[in-house]
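**Q** Now for the letters of each chain:
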Amino acid sequence: MSMILGLYNYWIVIVLMMIGFYIIIAHGHLIKKIVGLNIFQTSVFIFYISLGKVEGGTAPIWQESITLYSNPLPHVLILTAIVVGIATTALGLALTIRLKEAYGTIDEDEIQAMDNQAMDNQDKESKPC
Amino acid sequence: MLAHLPILQVIVPLMAAPACLILRRPQLVWLFTLLASALAFIISILLLQQVMQTGTISYELGGWSPPWGIEYRIDKLNAFIALIISGVSTVVLLAAQTSIEKEIPQDKHTLFYILYLLSLTGMLGIVTTGDAFNVFVFLEISSLSAYSLIALGRDRRALWASFQYLIMGTIGATFILIGIGLMYQMTGTLNMADLATRLPEVAETRTVTTAYVFFIVGVCLKLALFPLHLWLPNAYAHAPSIVTAFFAATSTKVAAYLLIRFTFSIFGVSFSFTTLPMETLFLGLGLLGIFVASTVAIYQDNIKHVFAYSSVAQIGYMIVGFSMSTNAGLSAMLLHVFNHALMKGALFLALGAVLYRVGSTQLRDFQGLGRQMPLTMAAIVVAGLSLIGVPLTVGFVSKWYLVVAAIEKGWWPVAGLVLLASLLAVVYVWRIVETAYFKAPVVGKELVQEAPMTFLIPVWILVSANVYFGIDTRISVDIATAAAQSLFGVVP
Numbered sequence: 001m002s003m004i005l006g007l008y009n010y011w012i013v014i015v016l017m018m019i020g021f022y023i024i025i026a027h028g029h030l031i032k033k034i035v036g037l038n039i040f041q042t043s044v045f046i047f048y049i050s051l052g053k054v055e056g057g058t059a060p061i062w063q064e065s066i067t068l069y070s071n072p073l074p075h076v077l078i079l080t081a082i083v084v085g086i087a088t089t090a091l092g093l094a095l096t097i098r099l100k101e102a103y104g105t106i107d108e109d110e111i112q113a114m115d116n117q118a119m120d121n122q123d124k125e126s127k128p129c
Numbered sequence: 001m002l003a004h005l006p007i008l009q010v011i012v013p014l015m016a017a018p019a020c021l022i023l024r025r026p027q028l029v030w031l032f033t034l035l036a037s038a039l040a041f042i043i044s045i046l047l048l049q050q051v052m053q054t055g056t057i058s059y060e061l062g063g064w065s066p067p068w069g070i071e072y073r074i075d076k077l078n079a080f081i082a083l084i085i086s087g088v089s090t091v092v093l094l095a096a097q098t099s100i101e102k103e104i105p106q107d108k109h110t111l112f113y114i115l116y117l118l119s120l121t122g123m124l125g126i127v128t129t130g131d132a133f134n135v136f137v138f139l140e141i142s143s144l145s146a147y148s149l150i151a152l153g154r155d156r157r158a159l160w161a162s163f164q165y166l167i168m169g170t171i172g173a174t175f176i177l178i179g180i181g182l183m184y185q186m187t188g189t190l191n192m193a194d195l196a197t198r199l200p201e202v203a204e205t206r207t208v209t210t211a212y213v214f215f216i217v218g219v220c221l222k223l224a225l226f227p228l229h230l231w232l233p234n235a236y237a238h239a240p241s242i243v244t245a246f247f248a249a250t251s252t253k254v255a256a257y258l259l260i261r262f263t264f265s266i267f268g269v270s271f272s273f274t275t276l277p278m279e280t281l282f283l284g285l286g287l288l289g290i291f292v293a294s295t296v297a298i299y300q301d302n303i304k305h306v307f308a309y310s311s312v313a314q315i316g317y318m319i320v321g322f323s324m325s326t327n328a329g330l331s332a333m334l335l336h337v338f339n340h341a342l343m344k345g346a347l348f349l350a351l352g353a354v355l356y357r358v359g360s361t362q363l364r365d366f367q368g369l370g371r372q373m374p375l376t377m378a379a380i381v382v383a384g385l386s387l388i389g390v391p392l393t394v395g396f397v398s399k400w401y402l403v404v405a406a407i408e409k410g411w412w413p414v415a416g417l418v419l420l421a422s423l424l425a426v427v428y429v430w431r432i433v434e435t436a437y438f439k440a441p442v443v444g445k446e447l448v449q450e451a452p453m454t455f456l457i458p459v460w461i462l463v464s465a466n467v468y469f470g471i472d473t474r475i476s477v478d479i480a481t482a483a484a485q486s487l488f489g490v491v492p
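Chains as they are written, first to last, in this note's numbering: chain U, 1 to 129; chain F, 1 to 492.
Among the hints, a few may not be true.
Straight-line C-alpha distance at most 25 Å; calculated SDA-like pairs for lysine to any residue [claimed, not checked]:
1. U:Lys100 <-> F:His109
2. F:Lys102 <-> U:Ala94
3. U:Lys100 <-> U:Ile25
4. U:Lys53 <-> F:Gln185
5. U:Lys100 <-> F:Asp107
6. U:Lys53 <-> F:Arg206
7. F:Lys108 <-> U:Arg98
8. F:Lys108 <-> U:Ala102
9. U:Lys100 <-> F:Arg157
10. U:Lys53 <-> F:Thr210
11. F:Lys445 <-> F:Leu456
12. U:Lys32 <-> F:Arg157
13. U:Lys100 <-> F:Gln106
14. F:Lys409 <-> F:Asp478
15. F:Lys439 <-> F:Ala378
16. U:Lys53 <-> F:Thr205
17. F:Lys439 <-> U:Asp120
18. U:Lys100 <-> F:Leu111
19. F:Lys108 <-> F:Ala38
20. U:Lys53 <-> F:Ala203
21. F:Lys108 <-> U:Thr89
22. F:Lys102 <-> U:Asp115
23. F:Lys108 <-> U:Glu101
24. F:Lys102 <-> F:Arg371
25. U:Lys100 <-> F:Ile104
26. U:Lys100 <-> U:His29
27. F:Lys108 <-> U:Ala94
28. U:Lys53 <-> F:Arg198
29. F:Lys445 <-> F:Asn302
30. F:Lys445 <-> U:Asp120
31. F:Lys439 <-> F:Gln362
32. U:Lys53 <-> F:Val137
33. U:Lys100 <-> F:Asp155
34. U:Lys100 <-> F:Glu103
From chain F, some residues computed to sit far from chain U (all C-beta separations above 12 Å) [claimed, not checked]:
35. Leu31
36. Ser58
37. Thr110
38. Arg198
39. Pro227
40. Phe271
What the hints contain is simulated information worked out from the structure, not anything from laboratory work.
Just so you know, even glycine gets a beta-carbon here, dropped at the ideal spot from N, CA and C.
Model the full structure from these sequences, guided by the hints.
**A** Okay, structure coming up:
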């Protein structure tokens, strides 16, 4: 029982991570892929944040009467990682817009099919040579 | 000034990037970028000299002493890799102005150089830093700018390649982040030297094993180790030529560096190769990568795809050297990192010249180029010979050391397979030679001219380096051996 309740933060992380990973792999819709990527990254953020918690410790703000603080370092690290995550999402969405303009669709399979067709056409052109 | 070289290595390109916005005129921006990259190159030469003479340099960022502050730690290994990165970057940039003229719209030129500098910053940062979390931050700086650079390709497929790389790359980087988090959880430190002393104490736990595995899988995604290479061929084929030449020579090398650094100096050989079956795993994947990717390369019609798959195969050679976990094997790997950067830099830059003149890199468009672009094609042939591993080129040197290391280890079949795989390279290089020299030009392409000097000079600098370091092996072999020895010196 303590395996589940005592380590509940890790279970949340694992479940979120798998949900995100599954969405990235299973969905062909590019926006959904980006959302999946976000959930995947968020699970790691939660993992880091829960790492810093010291049982009985308070927020790491200095005060006379308090002796036990939570570890603020993982929080600082994850602030950086969140910024990186936002940049990645923004770039991913920008690329999706460009893809929509160029292909007229944001479905993975349809884009792949168009690319494959373009490849086949090139092959046909090269045959007569 | 000299004391601050480790940080200047990263700060120079980082500060130069936004400064490009002020200059505005593309010509000026190009010169400025070239200057910044050349400066980074000079700094890396000075650093390497300093390290070879006096040993490891430790630089405390902002005066905060490690393990609390971030430490930049330069030893023989990363000084060597930084030299490769900044050197190739500078040479490739010589051709940038001419090449992007035809491949990238005029109004995006300044942005191109900014992204290029940021990518360079990221790679140099990964290599110089001595802090595990700093590695992640720089990795993302270089990756995010890499995705945008690839998306600048003129074909719409570049966008799709970039998106796929973004997804795969982010998964890889997040895996690395998980690995670093678990390491921090077990040791309470992010400083690499500190991690190296504290990890052995807790090495028996499952958490440390998990940390290592997450980290290595993430790095291997970035390294494009077979079978995690799926993003690489399209990204290389559809990115602007300059970007391909730069990345093919550097970005996978940075991942190779991380693999070496974390396996040998942080986790230690006894953990990664004795507790975990890394030897069999990497040897198997390396050999599979060599054979599968080389075979696929033979059947490609776009020459950029051919050399992209060949890159995956060359990474296989590096990993075979890595899997030996001996001094000789690691030296061979490092030599191949250096030599492969020279070969692929030359080849992709020459392809850029072909694209500039012919407008395509499909195999059929190479017909007759042997006479129309003699110097460019000669460069492709020499670099191709180097790729095969013909004596008097760098390719021979690294294959020689790899085979000797395999025999020393008693792995005769591996030595044989490595030699056999070179024959596959002969096939795909020969296809190009045959088309270029023994076929008449395509109708309508009879008037193709030799590439401009701005291309020929950097291409031939790299090609002559291929030959020079193939004959005079003292410099590259000495540094690679010294770097390998220093790694085994720290971790017996």
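**Q** Evaluate each hint against the coordinates.
**A** These are the hints, each one checked on the structure:
no.	hint	in the structure
1	U:Lys100 <-> F:His109	24 Å, holds
2	F:Lys102 <-> U:Ala94	24 Å, holds
3	U:Lys100 <-> U:Ile25	20 Å, holds
4	U:Lys53 <-> F:Gln185	11 Å, holds
5	U:Lys100 <-> F:Asp107	22 Å, holds
6	U:Lys53 <-> F:Arg206	21 Å, holds
7	F:Lys108 <-> U:Arg98	15 Å, holds
8	F:Lys108 <-> U:Ala102	18 Å, holds
9	U:Lys100 <-> F:Arg157	12 Å, holds
10	U:Lys53 <-> F:Thr210	21 Å, holds
11	F:Lys445 <-> F:Leu456	21 Å, holds
12	U:Lys32 <-> F:Arg157	20 Å, holds
13	U:Lys100 <-> F:Gln106	23 Å, holds
14	F:Lys409 <-> F:Asp478	21 Å, holds
15	F:Lys439 <-> F:Ala378	16 Å, holds
16	U:Lys53 <-> F:Thr205	21 Å, holds
17	F:Lys439 <-> U:Asp120	24 Å, holds
18	U:Lys100 <-> F:Leu111	22 Å, holds
19	F:Lys108 <-> F:Ala38	23 Å, holds
20	U:Lys53 <-> F:Ala203	24 Å, holds
21	F:Lys108 <-> U:Thr89	22 Å, holds
22	F:Lys102 <-> U:Asp115	23 Å, holds
23	F:Lys108 <-> U:Glu101	18 Å, holds
24	F:Lys102 <-> F:Arg371	23 Å, holds
25	U:Lys100 <-> F:Ile104	20 Å, holds
26	U:Lys100 <-> U:His29	12 Å, holds
27	F:Lys108 <-> U:Ala94	16 Å, holds
28	U:Lys53 <-> F:Arg198	22 Å, holds
29	F:Lys445 <-> F:Asn302	18 Å, holds
30	F:Lys445 <-> U:Asp120	23 Å, holds
31	F:Lys439 <-> F:Gln362	14 Å, holds
32	U:Lys53 <-> F:Val137	23 Å, holds
33	U:Lys100 <-> F:Asp155	14 Å, holds
34	U:Lys100 <-> F:Glu103	21 Å, holds
35	Leu31	28 Å, holds
36	Ser58	21 Å, holds
37	Thr110	18 Å, holds
38	Arg198	15 Å, holds
39	Pro227	15 Å, holds
40	Phe271	22 Å, holds
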